[in-house]
Amino acid sequence: MPRYTGTAEFFFAARRAGAHVQRKGLPAALALASCLGIAACGSDDADMRFAPTCPTPHIPAEVGDYYAYAGGKTDFAHLIMRASITRLGGDCIAGGPKMLKTRVGLHIVARRGPAPWTGDLTLPWFVAVVHNDKIVGKHVFIQPVTFPANVSTVEFDTPLTTVDLPVKPTNGDNDYRFELGFQLTPAELAYNRDHGVTAAFK
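So in the numbering used here the end of the sequence shown lands on 202, straight run, no missing numbers.
If you're looking for bench data, these hints aren't it; they were derived computationally from the structure. Hints may be right or wrong, so weigh each one.
Stated by the list, open to error - Straight line, CA to CA, 30 Å or less: simulated DSS-like cross-link-like pairs of lysine-lysine:
no.	residue 1	residue 2
1	98	134
2	168	134
3	98	168
Said to hold, decoys possible - Distance windows between CB atoms, simulated:
no.	residue 1	residue 2	range
4	53	134	13 to 23 Å
5	107	193	19 to 29 Å
6	147	88	22 to 32 Å
7	88	122	18 to 28 Å
8	159	186	24 to 34 Å
9	118	173	46 to 56 Å
10	122	170	32 to 42 Å
11	147	99	33 to 43 Å
12	78	170	46 to 56 Å
13	168	75	46 to 56 Å
14	78	53	43 to 53 Å
15	156	195	24 to 34 Å
16	120	96	39 to 49 Å
17	132	71	41 to 51 Å
For every residue, glycine included, the Cβ atom is placed at its ideal position computed from N, Cα and C.
Starting from the given sequences, assemble the full structure and let the hints guide the process.
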């Protein structure tokens, strides 16, 4: 696999990786799964004697915001919803002598626009696993969004996603990192870049 020097180049490569985990050339221990709570992940008491170092997470600025428009127009009058990733959440525990269990999720703020909309609203987002600057796995999730009556802004946490990495849990750095963001089409990505969208996350 090639190495990637820019966020846009990386993002399009991640799109080509597809909406499922790529396992070619990977240890069988690398996997992605949806996890709603600590109890669902499971761990022996011996695995939790210390908090190992987590892979570094990163949100490319171009994919930190999502705009949904009606009628193929991109002016404010046709804006259905804008969503922003404002922060990340997650943790790491030892899953065994050669396994690092990591969990990661997003905190999202969504705002309704002036355009009327009666259908379902969803947000596609992704987690890409990068090892030594190479994309080794990716998964895309769909997050439903509901606005109660007379409420224009909602915020929520996505379910945590569990990623098992075949590395020894230590307090030192490892060669893995996570890239996260909204799964945008090429047109949506170009819109964010052309309009100088400022990422809301910290």
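Okay, which hints does this one fail, numbers in order?
-> none
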